[in-house]
Every structure is written in C-alpha cells, then in structure tokens.
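Engineer: Chains as they are written, first to last, in the working numbering: chain W, 1 to 524; chain D, 525 to 768; chain P, 769 to 977.
Note that these hints are calculated values from the structure, not bench results. A few of these clues could be false.
[Claimed, not checked] With beta-carbon atoms standing in for the labels, derived distance ranges:
hint: 1; chain 1: W; residue 1: Gly441; chain 2: D; residue 2: Glu691; range: 34 to 40 Å
hint: 2; chain 1: W; residue 1: Lys411; chain 2: D; residue 2: Val752; range: 36 to 42 Å
hint: 3; chain 1: W; residue 1: Arg169; chain 2: P; residue 2: Gln938; range: 39 to 45 Å
hint: 4; chain 1: D; residue 1: Gly686; chain 2: W; residue 2: Arg397; range: 57 to 63 Å
hint: 5; chain 1: W; residue 1: Arg47; chain 2: P; residue 2: Pro869; range: 46 to 52 Å
hint: 6; chain 1: W; residue 1: Val8; chain 2: D; residue 2: Leu563; range: 24 to 30 Å
Backbone N, C-alpha and C fix where the C-beta goes; we use that ideal spot for every residue, glycine too.
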Amino acid sequence: MSAVPPFVERVRSALGDERLHVALGRATEALRSRRASAFASLEDSDRVRDLARKAKLEVLADLASQLQRFEERLVANGVEVHWAETGEEANRLVLEIARRHGVKRIVKSKSMATEETHLNPALERAGMDVVETDLGEYIVQLNQDRPSHIILPIIHLTREDVGAVMHRRIQVPLSDDPRTLAGFARAKLREEFLRADMGITGANFGVVETGTICLVTNEGNGRMVTTLPRVHVAVMGIEKLVPTLEDLDLFLRLLARSATGQKITTYTTLLRGPRRPGDECGPEAMHVILLDNGRSRLLAGDDAEILGCIRCGACLNACPIYKSIGGHAYGDTYPGPVGAIVTPGLRGLHGWSELPAASTLCGACRDVCPVRLDIPRMLLGLRRETVRTEKTPLGLRLGLKAFGWIAPRPKLYRAAAAAARRLVRARAREGWVRRLPGLGGGWTQARDLRAPAATTFQEQWTHRQQTARATGSTPGASAGGAGGAGVRRQQAHKPEAASGAGLTPAERAGGPGGAAQHPPARRR
Amino acid sequence: MSDPVQLFHTCLVNEIGPEVGMAAVRLLERLGHPVGVPLDQTCCGQPAYNAGFHDEARSAARHMLRVLSATEGVIVIPSGSCADMLVHQYELLFRDEAEWREKAHAIAGRCRELSQLLAEEWPRMPAGARLRARVAYHPSCHLLRGLGVRDAPLELLRAVEGVTLAEVEDQEECCGFGGLFSVKQPEISGRMLERKLAAVAASGADRLVSCDLGCLMHLAGGLRRQGVGLAVQHLAELLDEALP
Amino acid sequence: MTARESILSRVAAAQRTARLPARPVAEPMAAATRSRSHCLERFGQELAALGVGCHVETTAEAVRERVRCLVEGQRVLSWDAEHLPYEAGAVLTAASRGSSPRAEQAAAEVGVTGCDGAIAETGTLALLSGRGRSRAVSLLPPVHVAIVRPEDLCFSMGEFFARHGARMSQEPSCTFVTGPSRTADIELTLTLGVHGPGRVVVVIGPEPA
C-alpha cells in the first residue's frame, strides 16, 4: 500500500482538477435533489428517522449481548461465524476459508469493510483470482484506482475514462456509451459469476432476532455472488446490527432514499444460511466474519454515535467540502463527513487530524443523515482531541492561548484589539487589505480583508450616549415615532456606501480617517 | 415603551462592522426597546471553540456569562453564529461543570438573534419601509441550521416595499467562511467562495445580504478581489436604511 | 484469549464508557396496510413507474395463455410446476428447471416464477428460496416473468414481514425484487440489465373463487 500524500497536497490536486469539479458538482446535485424528492414521498419521515436512530443507539448500548445473540442465531441457521479483531485478521480468515474449501476464483460484491481491510491485495498476493462485480468497483479494480464515493465509486471518472480503462484492460472495443460499457461488463462478469468458487459480500445490516444478513443492491451482483458459487463469505462490521425485522423495515425505508433517491433498491436480499438439502442453488457453506478493526475503540469514546452510520452517502452529497475536493482527498476508505470521523476513529487521530479540521461545521450533513448523526458535534470533539494530543502550529496555539488569557480581561482585550486594528489599517489601501502576513495570509490568499473601522461600536455607542446626555435629548427611542425627538439617522445612502464594499475612492475619501466607514459624527 | 434589551454586539461588529451595531440599536429603539450595551463584553469564544481549544473557549465563555448574568432581560445578538454559540454550545462546553452549565442554560433562554426578534415584532415597526433593491439573501449556516431561523430574515426582506428577492442557486450552501477554516483551509474556502459568488452573480441581485458579519466579510472580500462592485450588507443595515 | 472473547470483552467495556446521546422518544409505527383493491391499484402504479410490464388476467386460463405468449419461441427456465400458481406449469413443459445443468440454465432467455408475496407500496416481488423455486430463475435470464395472485399482495414490507415471518425463518434466502436490474455508476446514466434481468413482467391473475 503506497504512502498517502499529505492532506494539503491531496486537496490541491483535487482542486486543480477541473473535470473532477464538474463531475462532483453534477453528481452531488443530482443525488441531493433525488434524495429530497424521495423523502418528500416518505410518510412521517421524521418519525421513521427517530425510530431508526433510537434502534441504533439501543443496539450500540447493548452491543456485546446483541452480537452474542446474533452469533447464536447464525450458528443455529448453519452459518459459521468468525471474529476478526483487525483488518489483517479478517483477510487471513477469508484466505483460510478459501483454502479450506479449495477455492481459486472469487467474485466480490461491493463491501466497504473489505476495502477497509485491503482484502483484495491480500487475496491476490496469495494467488487467488478476485474480481469485483459492482460495476463501479469493477472499473476501480481494472484501473487500479480507489473508489471516491460510498455509493458511486467512480463518480470521479467520465464515460470516456471508463471506456478507455475497459478497452485497455479487458480488450473490448473503445466506446464512451455508458450502456455499451455496462453491456461489456455484464458479459465479462457473467462468466466470472458462473465459474466462481466463492462469493464475498459485505452486509448492509445484520438482523439479530433472525440471524439474517441483509444485502441491498441495484445491479444483481449481490445476488449472483450469493447464489451461484459454493461458498459465501460475508464480512460485516460489528456495528451493523439492527434488533428485529421490524427495525430492518425502517432502515430499508431510509437507506435507498438517502443514497440514491429510490424508494427501495432493485434487490434486497435476506440471507439466513447455506442451502438446505434439496435446494438447487445457494452456497453449500456460508461464513460471516464479524469485524472489529477499531470499532470497539470508537464505541468506548465520545464518537460512539458514528457507529450508527448506515453508509448511505447522503452526507457526502450534502457536504460543500466533499463537493470541492472529492473522495480521494480524504485519503482512506470512507470519504466525506462520516469519513472525517470514522477514519481517525478506526486508524487513530495521528496522521488524520486534518480531516475533522477541514469543515466549516455548516451542519448540512446532520440535516440529511437518516439517523440524525450529530456530525458537527463529533468533528468538534475530534478537534478538541487534536489540540490535546497532537502538535498544532505554534502560531495558532500561542494566538489562541493569548486569546484565552485576554478575553476575560476587557481592558487588555480592547488594547490588544486596538493594536491589531491599527496594524491592519496601516496596510489598507482604499479601505481594503490585499495581503497579510502569517496566519492572516490564509485570509488574503483567497480574498481581500475589509479594513477595520476607525472607531469601534462601543466607542460610537458611548459617544452617542454621551452626546445625547449632553444635549438633553433621548437617543432614538420614542416608541415608533417617525417625527420624534432625537437625531434621525441620515437619509438612505447609496447601497454601496452601506458597508464600504464597492465605494469609489472619491466616495470613500470623504470622511476623516480615510477608511471605509462613515465617520461617527455623521451618524446619529 | 417595550422592555429594555441587552445588546451582545459581538467582537466582529465591534472591531470591523460597528455600523451594523448602530443599525441594530436604531432598529431596536424604533421598536421601543431601550438598549443596554454591557461594555465589559469581549468575545463569545467561538474561534477558540471551533479550533478545538476548549479551555480557552471556556475562559472567554465564563467572562461572557458573568457579564450577561449581571444584566436582565432579552439579549439580542446580530449574529447567527454567536447566537448559536450562546444558545447551544455553551452548555456543551460546560458539560462537566454544573454551576456554569446552569448559568449557560439561563443565558441561553434569554438570547434572541436579531432577525428573530425583529420578525416577531415587525408589526410594531413604523410603516413605510421602502427600498428599491434586488436582494440575494445568504442564510448563514449557524443561523439556518444551528438556530433553525429560516423564515425570519426573508419575512423581513419581504416587508420592505421595493425589495425583490433574487433566486440564488444552492442558496443554503455554506459560503466557505467557517471561522478559522477560512485561514486554515484557504484553498477550499476560496473554492466555496467562488461557487457562492457565481450563484449570486447569476441571480441578478444588486445587493447581497446576510445576518452574519463573518460570512459578509468573506463574501465582500471575495467580491472585492474579483473587482465586482456588488453591495454587501448586514440585514440590520438594510432595514435601517429602508425605514423612513 | 480468542478473537471472539477479546472483541466481546472490549465491546462490553466500551459500552460502559460510551458517550451515547439520549435516545429520541418515538412511538413505533404499525405496518401500513390497505384494502386489496387499493393494493392492486397501487401495485400497478408502482410497476408502471418502474417500467415493469403488468398484465391483469381475469381467469386462470387467461393467465396461462399470457405466460405462453410471453415465453413463446424462447428458452425458458422456470420454477417447478407445483410452485407456479394458476397451473401455469402446464404451458412451460419444455422449460429448464433449477435441477437442470447450470449451462442450460444460464442459456435461458426468460425465467418464470410465482412469488411468495408482493408489496404494493413499492411494486416489489418477494421470492423465498426453496426446492423447486430456484433463485437462479429470477436472476440468470435477461427477462423475468412473475405470476402474482392478488392474495399474495401486502401493502408494505412491514406487513410482509409480519405475515410471512415464520416462513422466512425456514428458508435460507428471501429476495425482494423491485423492477429490472440497474446501475448508474457511469456518470449517473441509467442502464438496465446489468447482471440481473433487464426486463421484468408481472402477470396478475384472478382472486380465488
């Protein structure tokens, strides 16, 4: 696994990619509006979301015994259950199962958990033949790329890109028509389905009450890989449990709507065990690998709630940062707002602390999350952790520590603010600053800075109160009177004058102080 | 005569946009509210809080709580993000300190973001608010999603004769300010700014209005950098301008 | 300590320190149900929206004739006759079955099944696995014909779970099929028939006498 370049480089590379920008804009816009329509058609959607959130929180609060119960049911259904503390262990278990069953050819349905454990390279190194069968993941595999979105893995590729990849890697005619390309994939992968020995899937949900794995797909590859090969292995994160079928119904109502705007995906498959004697298809052996890989550590802390994520991708589509930088910039399996919490949670904060910092905390993610995960709260918590345990830039640290010291000391605060104001105003031309040094340089990299006022609000207010007292008039407030005593503010000035933006030099040069503001004397 | 109110003017208004504070004062007085300004207020601590420096944020917060607890009545705040800080985040900051958490809870109950209050009381405002303007409204994220204030600013704009609301694509998308994010991630911030300004330009507006000075500085700074002369204004300034 | 013990003990410890938010207060929702006629109408609407062909026949004879027409001239893979309603097996005597060689099944051009339930709210077919009801029938061929009895209809999936929970707990697999297989992975352009059937047709027969 090659080293991941630093975050700032990943961001720059993504921002510089105009095609990516267009693709992301188009795709996230489409998914957002489809989600909105789908939720408009969901009766009592608020209650459904509340119930789903409640179910997840209940499971997490009781996870150990839920896992045990789940295992009991699975075993009773004839499923062999394995436990993997780490990603490597999960991969090792898959390999062991494959060897035990004399498996050589493997077909995989989409599974983020196996992305997380880097399963494919491990299987390939051991001489196994592994083919991804989800169309997007198949292209990713052919291209030796990584998926960039939870639901649409190749959101970052154009149709021309896909055609070129397929032409190069599997020698099909060059085409850029999505339907033709999908047809090539169908033909090629059908061969793979028919001759595969083992199918590997993830699991969207595990239903505790019945010992059922639930797979949610649109293409049918999830069905193919769990129907035709003689062995089925499902790798499931331990947090994916839901208590009952009734709960599953809630989640099914939310997942497709949140992910693609469909009421339900084409195929929802509930799997309870291997084929029974007399069945004509279905695997002879079914295995479930319960994966920890850092989830128990996440559960122990402030961000436990994130384990309620159902991997719908709605937060990605709503996030203006994701829309700007795409999935690869997040550097690991899970991109977007959920990734900014899960990646540090599973891999450790060290080396990943930039992810939770790269957010404006706008809250669009929380608004669309089907289980109402409070992502901004968790991002803030991770930032707090970062300050506690990681190195932060010295300038920022000193600056904010100084802030903490002077904020409760009004006189000092005013003096410091006045000094800062003077410094900035000294650099202003026509009321604007084009370049600042240090941390301020971050501001002026992308925009000008409006020069601070010559006088503060408090100074103007105090002056006004004093003037009113001196002249014996009451500043302003006779109730609602248009012709009341007191100085009325001046007539409507030109819009540009209101805040200094857009004033011509001549207009601005008018008052004392020369900066963007109207001097206090002209106001009431 | 209405009840006196306290103005938590915010540090940005004090240092960078005093005219917003003055406009807010005039609006409140027109509604009959005598305005008090606790002069010891400094900063709500949000920059430190969002950056993860929670001890420093608490230091600022305790001071604000002391200053505001020494007053009575409604606390009016001309900033969605600062209002959200006091209304929601202070209690989280003092999660483990019962005494301060209670103070924070009491203060939270007294806070009103300016447009919230104005919209509720607008019927009492002298009639005749008039201004010819095509306004692009930018709902700041903390105001919109943090406080749930969606309609108040729009109602206020609609109450001004002559104001038309321009349709801005992806209107509710974050402008990219995000406090310190604007300086720590200038490239992403800049990209988001570009998108927002492009949408504003496409809307045909001649004026850009918001309720958060941070967003306004970011947006105005971007317009200035682009050389675009679009007027940028806090909602309080527009209403103040429109009233006879 | 085995991995299992290790994970469970870590999880149990984590539960104790986990900072989980307060649970929302929400009343459980009863599974939505509707009258048979409402279900039939809604089912038809959803199928239309999905692009699934729908034929409503008023006699068992008409159902068989419809199925015969739909599969005419094509290689058929079907459920065993005893599992098909309206004795539809009678017009599918040359069909391959789940017990046929796989290559033969894979060469079929149309698959014919009954169903264990149908969900009106979303236009969904519920298919339980079992002997004589091979999963491959609704999966391998490019066209899937499903014969539905009105009494199979539920309004919602919740209703289906409630009604058929016991049966579901006996079969290894239950698949819900909603329309033709589809993908939008390439530039969000919709393509039908990637892996699963690209065309689905539903034949609804009469209510029992």
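Engineer: Against each hint, give a clear statement of whether it holds in the structure.
Structural biologist: Okay, the hints, checked on the actual structure:
Between Gly441(W) and Glu691(D) the beta carbons are some 36 Å apart, a value that agrees with the proposed interval 34 to 40 Å. Between Lys411(W) and Val752(D) the C-beta distance comes to about 40 Å, which sits within the given range of 36 to 42 Å. Distance hint check for Arg169(W) and Gln938(P): the Cβ-Cβ separation is about 44 Å, which falls inside the suggested range of 39 to 45 Å. Roughly 50 Å separates the CB atoms of Gly686(D) and Arg397(W), a value that falls outside the hinted 57 to 63 Å.
Distance hint for Arg47(W) and Pro869(P): a CB-CB separation of about 51 Å, consistent with the stated range 46 to 52 Å. In this structure the hint that Val8(W) and Leu563(D) lie 24 to 30 Å apart at CB is violated, the actual value being about 42 Å.
The structure fails hints 4 and 6 (numbered hints given earlier, in ascending order).
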